[in-house]
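Asks: Assembling the complex is the task here: the two chains are given apart, and the hints tell you how they should meet.
Chains as they are written, first to last, in the working numbering: chain A, 3 to 593; chain B, -9 to 287.
If you are wondering where the hints come from, they were derived from the structure by calculation, not from laboratory data. Do not take every clue at face value.
What the hints assert, rightly or not - To list a few chain A residues with every Cβ distance to chain B over 10 angstroms, as calculated: (1) A53; (2) R83; (3) G132; (4) D143; (5) I258; (6) P449.
Unchecked claim - From the structure, some residues in chain B lie toward chain A, with a derived Cβ separation under 7 angstroms: (7) P69; (8) L163; (9) D184; (10) N187; (11) E189.
Said to hold, decoys possible - Now the stretches of chain B that chain A is said to cover, found in silico as 3 or more residues with beta-carbon under 8 angstroms: (12) 55 to 68; (13) 152 to 162.
Positions of the beta carbon are idealized from the N, C-alpha and C atoms, including for glycine.
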Amino acid sequence: MASRHAPSRRALLAALAGSTAAASGCVGEARNLVGRDRTEQLSLRIVTLPASEDPYAVRIATHLADNLERSGIATLVDPIRPDVLFRETLINHDFDLYVSRYPSRGDPDELRSMLYSAYAEEAGLQNPFGFSDLALDDLLDDQRTLKGTERIDRIHEIQRHVLRAQPFTVVCFPDRIGATRTDRFGGWPAGGLDQPMDYAKLDRTGSRSTLELVLRNERVTMNRNPIAAEHRNRGSIVGLMYDPLVRPLRGSPEPIDWLAESITWGRTDGGEALSASVRVRETPWHDGTPLTAHDVAFSYEFLRDTSLGGFETPVPTPWRRGRISLVDAVRVHNDRLLEFDFATGVRSVAQRALSVPILPEHVWRERADPAEIAGIDVVGQTTEALVDANEAAIGSGPFRLADAVADESITLETFPDHFLYEEQTDGIPDRFSGDPPFDAVRFTVAPSDDTAVEVLLNDNADASADGLQARVVSRIVRSDDVSLTVRRSDRFYHVGYNCRRAPTTDPNFRRAVAGHIDRRTIVAESLGGYGTPAQAPLRGKWVPDGLQFNGAATIPFLGTDGALDADAARETFREAGYRYEGEELVTRAAP
Amino acid sequence: MTLAVVVGRLIAVVALSVAVSTAAIVGRDRLAETRREYRRRLGSIAPYAAVLCLVLVANKIARDVGPDASELIGLRITPYLERLDGVLLWPLYPTDTPQLVVWIQSMATPELTAYFAAVYVYGYVFLLVFPVVAYFALPRPEPLRRTIVAYCANYLIGVLCYVLFIAYGPRNLLIEQVDQLLYSQYAQYQFVTDAVNDETNVFPSLHTSMSVTAALLAWTTRREYAAWVPIAAVLAASVCLSTMYLGIHWGTDVLFGIALAWISVAIGTRFEETPPTLEGLKRRLVRLGDAIPTSRR
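One chain only, chain B, in its complex shape (with noise of 0.2 angstroms):
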């Protein structure tokens, strides 16, 4: 009920804000060409697309399995986040230092709220999703291809840590200073992050560094669509930044997650000026099993 409401207006607000930078940043001439030219380039992401589809699925099992295998395995490291948390701005005030979250909260305002949950939500899926779209309308596969590659490594690499750690995020425990921005005024997002997610995935921060990536990737592309690098940047950085306004995410998840988009970002560029190989792969397991030290007599 509610939730069908949410994701249908989320997807309504997102399907027209991409509308509507496709054809400011994308042009008329090249999605003229993507449409003459769609069956070729389909065929030349095929491949990437399956991959990533599979690791969309395997990440939705994950996150619903995960919480549970997570609790078996996992290490709690939710008190470890909020001391670390407790020291980031220790240059900024040596002495009595405040909590990050609790200090970006000190300058919360209803309009910065209502800036920073509607960034949260709509801002995040746009910045990822337009990308895809917009690359899908350049004539050389490669910056398509690349992103698919670091969306599935974020994936990956999340994924895993969020079954190895275990940790609450700010407003699960700061609560007498933290406010659940987001929650206390906009209660009807919950249903979508809820569904989405388990509350307990907060280390590292996705939200983060899938932003970061897709901001780190428009950098690659600035001859191609120059307007999209301010405008990728503005938004990566307010998703950052209200991962932690909204008292979601430590500044610690927020620090490992613009580490894991950086990663991700490398291992897509990787990726495509060295693509993998059914040779290279043969290679690489026999060496990695001639590093397997056996005793041989």
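Chain A extracted, bound-state conformation (with noise of 0.2 angstroms):
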């Protein structure tokens, strides 16, 4: 009933006004400045994981933060524990800037899923900063087309304009610090145990039959939801329990065939698109029920869409969700044989495709309904499937859940029936085929980096499971019986801004904060000299030689040593349009 009034006594009141601004021109004047906005200082939040759970993170945004300050932005840095925070920048979209490890695997078609702008509105890992460039799309379908140094030259393209861009700033590649002990079992990867093939490779040397490790990420003992993206780093523990149809193997350009039993490429009916007819293993669910080509097929069908089309709008995996796109159609010939249609025309790009995890139909069918509950912003957009804790872990991997509790340990055993112990192991290599090295690997949490080395010193586990941050190194490089191994890793640390919401929807003044960086201390410092300053996401060949890191950035640090030259660098955002009042970075205030 009051709107309806509200019009006319507005006019009224503008009638009011205006007779009276008539009356005098300097009222009129005075309206004209009252009117306007009142300025306030800018400030920021910066989202990040608590150092228990990430040091290295924390440090680059309080690092970040004190630089901002001291360019005149009040910036506050708020720890938040990892699956929340994960729901807030990835899910809910509810951010200023974010500093946090990209799971990568150093492909570059990662970089379609991580800025595509068709994912900006989605819920998951692909586009969370909400960036969209009609330009970048297209390269970014383009490199999927492309075969050898072309693809090369066009992900060098992709760089360049997503360094000018700025949707994030990468900042360096940490290192992977393992610490492992010999005396019962050998064989471990450089870096320790990371890929579920690693866990293959594994030697036994003692009599122990259990692989005991320390886990520092506990939310696989309540959480193994292949697909929930705020409870997965990278999936390995999941990993071990959900097969794929190829997997992947580090430092190899050519995934094994795992699942499948062969695969035959081919081109779609005159085309120059991809496709595959495959041909899936005999092997069982973790609950006895047989595996078939028509769960391989539903697996495609509810990553694309977990409503399964019961929404108006697909609701596709928040994870892996470039690797999904790739597939354009699935057919199932009969139990054991099916065809795949690809998007691309490249193998390696549809290749990536393959690697997605497997899931039983019976289980998770069920799972497209609509989620009744809370903690995701709720808007009709999710389904059981993205919220569900699947604490049961029915897959098809070659291990099964054993045993689970919560915040504590988690237990997996091997999976007696499963393919590779039932010799079905044509084309996969001999060094993972045969019988396991363990018949059982019991991940304990340890509350700390510290307390994961006390129990490693104590002789109460073989490994971590996780990696280590550098200020344990010391005390694992006095110890006798632990010892360190490291790798370089391809998870890169980045800042990551929300393109949807000012003032981070400028590129000027993104590429003004990311000047605020400054790599080699960071490196130097906070990561203890376990690392790789970076700009580039990528790495090796796939880096133009303009984009490697050599001591400076193409948006350079502004300042020396770090420290940050504060005349410099409001200059920077001045001549990027922004204000200061005194020393005040101001804009206006919101109404």
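Replies: Here it is, written out as structure tokens:
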């Protein structure tokens, strides 16, 4: 009722004001002045993990916040526990800036998942920045169709584009630091256990048949959902329980056929795009139900839309979204045989699509229903599949869940009916087949890296399951029984900007912020030297010469030796069109 | 494994120090009397002890469920605690005010670290347990009742704050400057602290409030146990300092912890002076009912 009266009242007030203003020009000027919004200091909030979860991320965040503070921007660092942080940033998109690691595997097609415009509004690891750029979209699509040096050139071009627009700022690649004991098991990969395949390569040197590992990331003791982006780092442990069609191998360009017994590549009818007919191995799910080609087809359909058509708009998987987008169609011929049509003509790209976990249809079909619990912004776009903790974890992997105590431990045991142990190992290299080096693997949660090392020193575990921080290196090195192992990691630290809200919508603002990051100081001091400063998200041949970090970035640090030159930094913001009042960078106050 | 070892040692050390100090402070006469009268005394504090047990169980449950509940309804205040801490030393350093915790840690020595780590773990438990034993050895039940009520109040208010406020301690934010002295040098203790508490439960500091409560209560029994007053005061002050020295709590947590202790002791005292009766509760409920505005037509 009130709203219907409002216009007339407003009209009356306007008329009054108008007549008064007409009476005096001075009032008109005053109104012009008062009518303008006031200004206030710009404030930003950097969300990140607490030091107990990721000490490097907090340090990068405080480094950036201190420097922004010197440039007159009120900056707070807000540490948040992992699942809540990832929910806020990846799913609810509620942040200004975040500092985190990207779970990269070094594959250039990942850039498409990170930055593709169409993913900006989706919930998940895909385009968390809400970045959109039509020219970049074309380049990202284009790289999927190119081979050899042409593709490399296109990837270079994409990164030049990305570094210019700065939807995120790459800071560094940390080293993966592992600690292992060799008295019971040997064959540890450099940097410690990481990918599921690393576990198969171990050999038993003692008599104990249970592999004991210390776990720093306790989320898997509570949540074993292979597609829940907020609970997975890289899914290594869940990857032991869920098999993909092919498994990538570190250091090898070709993945090995895994759940796929054989893959025959072809071309789609009269097209450039690839197709593949895949024969699935005979192996059961952990609950005894046989795994068929229908499960495989279901998995691809389900990951593409976890509501299975139940919602008006599809609800795609929040993780591995880019890989699923590589599959155009899946046709089942019979229980063992199915055919894929891909959206690419490049085999190495198409193979990425085959490395997603295969889910049992009889468990997951009912999870297509809408989820009705809080935690995620309930906008009707959430299915049970995305929020289910999947505690039973019925997969088809070589290990099945034996026991889990929330926050304390999780034990997996070998699944004797798995095809690996049933001699169905055509196409699988010998070192991965045959009896596993252990009957069970127990992960015990340690509350900190220090306690993890303590557990190893006390001979209560064989290795760390997660990477450790540089601070504990000296403790490991001092010990005779525990050895240190280090590898360069693909998972880079980056500052993510929310390109959906001001001021981080502005590329010039983002570029100015990027100038507040001193990568060399961060790696030397915060990472204790265990890392490599970088400005490009990829490595090796994928990075053009000009974008390799060689002491200075293309957006250089606005200072020297870790100390920000506040005048230069303020000048950069001024050039980008921002205003200072006294010491403070001010923007128009929110109404 | 490690947890059991550390807890075992904790129990042994505290039991030994309580035994020694009981012999020294409580004295043989009181113990002999206690031995004759323990049934009657148990009877007079039984309801209080039952309430304390209930509160402790509720506290344990709340701390397990709390972090999840507080992620839904709680406020994240870590950045504000950091800001507030940054101005606490302003009177001393008007320009370039250092963070309180960083300032305290700048005076660290290995001996101090050993002392504060021991105080944080052993001294704290001793400070809480000894009064219960000592007050049980007194003929009048009031001190013990007051202690139990004050402990309960600490836990109830503290846990409520933990649900309402989500905050990480300085060791989780300022790690460039703040060393996690306790955990980097005595990692074994973290198994205990982690089993007892969630790391987001820092505001207010319950270590501080419980210790200060014990010290304030020591003052109320200064006639009986004069020697306990300075010991409790020194221990409580050390515990307060240790929480900051070890990078576990912000100065602000400690200040609010002291305030909570004051309130808890006030509640304990008031409870003792005007013991709660069923009648009183009814009267208060009626008054509360009257205070709620209802539309009567």
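Asks: Taking the earlier hints as the rules, which of them does this structure contradict?
Replies: Of the numbered hints, 1, 2, 6, 10 do not hold.
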